[in-house]
Amino acid sequence: MTVAQRLALGMATLFAVSIIIFISIEMLPGDFGQIVLGQAATEDTVAAFRRELGLDKPPHLRYFDWIVGAVQGDLGTSFSGRAASGQDRSREVADLIGPRLKNTLFLAGITALISVPMALVLGISTALYRNSFYDRSVNAATLTTISFPEFFVAYILILLLSSLGQWLPSLANVDATTPMSERLYRIALPALTLTLVIIAHMMRMTRAAIINLLASPYIQMARLSGASPTEIIIKHALPNAWAPIATVIAFNLAYLVVGVVVVEVVFVYPGIGQLMVDAVTTRDIPVVQGCALIFAVTYILLNLIADIIGIVTNPRLLHPK
Amino acid sequence: MSKNIESYSAAAESGNFYERRSRWSKLRLAARTSPYTARFGLIVIAIYVFVAIFAPWLAPYGEAQIFPAPYEPWSSTYIFGTDQIGRDIFSRMIYGARNTVGIAVATTLLSFLIGGSLGLAAAIDRRWIDQVLSRSVDVLMAIPSLIFALVLLSIFGPTVFNLIVIIAILDSTRVFRLTRSVAVNVVVMDYVEAAKLRGEGLGWVMRREILPNIMPPLIAEFGLRFCFVFLTIAALSFLGVGIQPPTADWGSMVRENATLLQFAQYDLRAGLTPLLPAAAIALLTVAVNFVVDWFLHKTSGLRDEQ
Numbered sequence: 226m227t228v229a230q231r232l233a234l235g236m237a238t239l240f241a242v243s244i245i246i247f248i249s250i251e252m253l254p255g256d257f258g259q260i261v262l263g264q265a266a267t268e269d270t271v272a273a274f275r276r277e278l279g280l281d282k283p284p285h286l287r288y289f290d291w292i293v294g295a296v297q298g299d300l301g302t303s304f305s306g307r308a309a310s311g312q313d314r315s316r317e318v319a320d321l322i323g324p325r326l327k328n329t330l331f332l333a334g335i336t337a338l339i340s341v342p343m344a345l346v347l348g349i350s351t352a353l354y355r356n357s358f359y360d361r362s363v364n365a366a367t368l369t370t371i372s373f374p375e376f377f378v379a380y381i382l383i384l385l386l387s388s389l390g391q392w393l394p395s396l397a398n399v400d401a402t403t404p405m406s407e408r409l410y411r412i413a414l415p416a417l418t419l420t421l422v423i424i425a426h427m428m429r430m431t432r433a434a435i436i437n438l439l440a441s442p443y444i445q446m447a448r449l450s451g452a453s454p455t456e457i458i459i460k461h462a463l464p465n466a467w468a469p470i471a472t473v474i475a476f477n478l479a480y481l482v483v484g485v486v487v488v489e490v491v492f493v494y495p496g497i498g499q500l501m502v503d504a505v506t507t508r509d510i511p512v513v514q515g516c517a518l519i520f521a522v523t524y525i526l527l528n529l530i531a532d533i534i535g536i537v538t539n540p541r542l543l544h545p546k
Numbered sequence: 009m010s011k012n013i014e015s016y017s018a019a020a021e022s023g024n025f026y027e028r029r030s031r032w033s034k035l036r037l038a039a040r041t042s043p044y045t046a047r048f049g050l051i052v053i054a055i056y057v058f059v060a061i062f063a064p065w066l067a068p069y070g071e072a073q074i075f076p077a078p079y080e081p082w083s084s085t086y087i088f089g090t091d092q093i094g095r096d097i098f099s100r101m102i103y104g105a106r107n108t109v110g111i112a113v114a115t116t117l118l119s120f121l122i123g124g125s126l127g128l129a130a131a132i133d134r135r136w137i138d139q140v141l142s143r144s145v146d147v148l149m150a151i152p153s154l155i156f157a158l159v160l161l162s163i164f165g166p167t168v169f170n171l172i173v174i175i176a177i178l179d180s181t182r183v184f185r186l187t188r189s190v191a192v193n194v195v196v197m198d199y200v201e202a203a204k205l206r207g208e209g210l211g212w213v214m215r216r217e218i219l220p221n222i223m224p225p226l227i228a229e230f231g232l233r234f235c236f237v238f239l240t241i242a243a244l245s246f247l248g249v250g251i252q253p254p255t256a257d258w259g260s261m262v263r264e265n266a267t268l269l270q271f272a273q274y275d276l277r278a279g280l281t282p283l284l285p286a287a288a289i290a291l292l293t294v295a296v297n298f299v300v301d302w303f304l305h306k307t308s309g310l311r312d313e314q
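So the protein sequences, as listed, match chains W and R.
Be aware that the first sequence starts at 226, since it is given in this note's numbering, and climbs by one per residue.
Be aware that the second sequence starts at 9, since it is given in this note's numbering, and climbs by one per residue.
If you are wondering where the hints come from, they were derived from the structure by calculation, not from laboratory data.
Treat the numbers as computed from the prediction; the structure is a model and nothing was measured.
Where is the CB? At the ideal position from N, CA and C, for every residue including glycine.
There could be a bad hint or two in this list.
Unchecked claim - Take a look, some chain W residues computed to stay more than 12 Å from chain R by CB distance:
no.: 1; residue: Val228
no.: 2; residue: Gly235
no.: 3; residue: Thr238
no.: 4; residue: Phe274
no.: 5; residue: Arg287
no.: 6; residue: Ile292
no.: 7; residue: Val296
no.: 8; residue: Arg316
no.: 9; residue: Ala319
no.: 10; residue: Ser362
no.: 11; residue: Ala379
no.: 12; residue: Tyr380
no.: 13; residue: Tyr443
no.: 14; residue: Met446
no.: 15; residue: His461
no.: 16; residue: Val513
To be verified - Pairwise CB distance ranges, derived in the manner of DEER restraints:
no.: 17; chain 1: R; residue 1: Arg277; chain 2: W; residue 2: Gln445; range: 54 to 62 Å
no.: 18; chain 1: W; residue 1: Ile244; chain 2: R; residue 2: Ser83; range: 55 to 63 Å
no.: 19; chain 1: W; residue 1: Lys460; chain 2: R; residue 2: Asn170; range: 52 to 60 Å
no.: 20; chain 1: R; residue 1: Val192; chain 2: W; residue 2: Gly390; range: 50 to 58 Å
no.: 21; chain 1: W; residue 1: Leu396; chain 2: R; residue 2: Val57; range: 34 to 42 Å
no.: 22; chain 1: W; residue 1: Pro283; chain 2: R; residue 2: Thr45; range: 15 to 23 Å
no.: 23; chain 1: R; residue 1: Arg277; chain 2: W; residue 2: Glu277; range: 29 to 37 Å
no.: 24; chain 1: W; residue 1: Pro283; chain 2: R; residue 2: Phe169; range: 50 to 58 Å
no.: 25; chain 1: R; residue 1: Asn170; chain 2: W; residue 2: Leu396; range: 46 to 54 Å
no.: 26; chain 1: R; residue 1: Trp212; chain 2: W; residue 2: Ile339; range: 51 to 59 Å
Isolated chain W, as found in the complex:
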């Protein structure tokens, strides 16, 4: 029941967010057809362009058209490539996003594969040996990486590993034909940057979650009964920590979605984040909308999954009185 409630809430949020992103095109100044098509565009071309966007229809019908299209993978056509003469060489937004989305998911996936296990191991081990020299140094290191902007971490890595060391490429330019091994080599630096940024947050939250649990009476009881510290953490603390840890992981994967934008721009990686930034600079609204929709939906779904894991692993939440 609670799971169903949370799902319903998630759906409502998705609906509200899609409306906000849709409304963004409504807020454009009235003459933007002229801006997109150029000063030389005739009245007829501008009128045809407005008709194509459906601006002659009432907003709620247009929203319906847009969202039905979006669910079926049709996100409209890009503004770029349109000429004043009415000639239309613009591309479908879905075609622009498709291959880039794969690249971004690949980068994010590799990063998650490295960072999630590492963060869990670091978080649990620092909780186990807390206040030791090891714990203090890991904490100090993560606190500094949290305070650094992503591009600072990225450029330090480029300076050390690519410019001075010449071990790794500073540009992550891949295309569809790049073989897998080459691809992994090229994205080594962006993946490393994202890992460093993400791991700090995830490790600190895992550590806090475990330490929080260690103060509970049943852990005290286990300790009094003579269980070893490792046994206490693995057998007693961890099963109850899954919910907060799942939240931490989902939260950070959601954060990854945002961090990927800056990192893709630094390393000129052909992903959806770079596409979105380019579209913002040229004010290509349909592309911006499409990218924002994908980012927002991923973010909301990840948070939704985290909450549901939290409910499912906690019997008290699963069966409320």
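Based on these hints, arrange chain R on the given structure of chain W.
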């Protein structure tokens, strides 16, 4: 002290020794007992503020003054060299303190003004104002703020004014949540009830009864939100959709000089040039975090976990 036993008063005697400390001396006392990290943070913040205020007197050249020597190496004429169109990087760093930090402070203040007053209003009037505001904040917070900021900037165009307003509104959702949650506990106090019965208006109750009692968490949050806003604006400027040239700004300076990194193996100082503005951003963030940590420690009486 009087020798006359009849007129002796314990209150007067203890009163003799009670010295009421002024705010300034309390601050000095607190500063003397502060940890090294907090002192370091305070000194760094003071230096940034000094540089920001006196930028035109400190900088050797103008903010957008162009010399016919692009990519000049470090020298006594151009301390950190010149950038891609021949502007002195050291001068731009100094002006950057004024622009980047100034814009971030203005944005944080605006977001506290919006989020704080709406949060207080929601905490006092728990009926429809609270419902409407809380639900809209939930929706706004469901979108990652950098993505939302990108969408809004593409619609309204990247001017400094738009940047400040957009980031302030997006960030005020967090301020709203915090203010509301701490104010809810204060609103139910008897003295607030008394003020309402006295017939004081909503504004008076907010400002004079509730605000002084929720100040410490709000001040700490101000520091943290400042860091977040500062990093967001730096990231947007770095992406080229934030503060626009020729305004000197640390985020865009990193981007403009990034090509110099390739020459690090021939001249290490050239490779370090694009990292300078980024380091300036990171240093201020670390400093503010140190001070906030210490402040939270002082005001909440929290001790490190044992």
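Checked hints:
The beta carbon of Val228(W) sits about 19 Å from the closest Cβ of chain R, which is more than 12 Å, so the claim that it is off the interface holds. Not every beta carbon of chain R lies more than 12 Å from that of Gly235(W), the smallest distance being close to 9 Å; the non-interface claim is violated. Annotated as non-interface, Thr238(W) brings its C-beta within 12 Å of a C-beta of chain R; the closest such distance is 5 Å. With a closest Cβ-Cβ approach of about 18 Å to chain R, Phe274(W) is found to remain outside the 12 Å limit, as its non-interface label requires.
No Cβ of chain R comes within 12 Å of the Cβ of Arg287(W); the nearest lies about 16 Å off, and the non-interface call holds. Under the 12 Å C-beta cut-off, the non-interface status given to Ile292(W) relative to chain R holds; the minimum distance is some 16 Å. Consistency note on Val296(W): stated as away from chain R, and its beta-carbon is indeed over 12 Å from all of that chain's, at 18 Å minimum. Distance check for Arg316(W) against chain R: the nearest CB is about 18 Å away, which clears 12 Å, and the non-interface claim stands.
Non-interface call for Ala319(W) relative to chain R: holds, since the shortest CB-CB distance, roughly 18 Å, exceeds 12 Å. The Cβ of Ser362(W) lies farther than 12 Å from every Cβ of chain R, with a closest approach of about 15 Å, so its non-interface assignment holds. A Cβ of chain R approaches the Cβ of Ala379(W) within 12 Å, the least distance being about 9 Å, so the stated non-interface status is violated. For Tyr380(W), the non-interface assignment is contradicted: its Cβ lies about 6 Å from the closest Cβ of chain R, within the 12 Å cut-off.
Every beta carbon of chain R lies more than 12 Å from that of Tyr443(W), the smallest distance being close to 19 Å; the non-interface claim holds. The claim that Met446(W) is not at the interface with chain R holds, since no C-beta of that chain comes within 12 Å of its own (minimum 19 Å). Every CB of chain R is more than 12 Å from the CB of His461(W) (nearest about 19 Å), matching its label as outside the interface. For Val513(W), the condition that its CB be more than 12 Å from all CB atoms of chain R is violated, with the nearest at approximately 5 Å.
Take Arg277(R) and Gln445(W): their Cβ atoms lie about 57 Å apart, and the range 54 to 62 Å holds. A hinted range of 55 to 63 Å for the beta carbons of Ile244(W) and Ser83(R) is consistent with their spacing of about 57 Å. Between Lys460(W) and Asn170(R) the beta carbon distance is about 55 Å. The supplied range of 52 to 60 Å therefore holds. Under the hint 50 to 58 Å, the C-beta atoms of Val192(R) and Gly390(W), about 55 Å apart, fit the expected range.
Between Leu396(W) and Val57(R) the Cβ separation comes to about 39 Å, which falls inside the hinted range of 34 to 42 Å. Judged by the Cβ atoms, the range 15 to 23 Å given for Pro283(W) and Thr45(R) is violated: they are separated by roughly 59 Å. For the hinted restraint 29 to 37 Å between Arg277(R) and Glu277(W), the CB-CB distance of approximately 54 Å leaves it violated. As the Cβ distance of Pro283(W) to Phe169(R) is approximately 32 Å, the hint placing it in 50 to 58 Å is violated.
A beta carbon spacing of about 32 Å between Asn170(R) and Leu396(W) contradicts the range 46 to 54 Å that was offered as a hint. Judged by the Cβ atoms, the range 51 to 59 Å given for Trp212(R) and Ile339(W) holds: they are separated by roughly 56 Å.
Going through the hint list in order, the structure does not satisfy hints 2, 3, 11, 12, 16, 22, 23, 24, 25.
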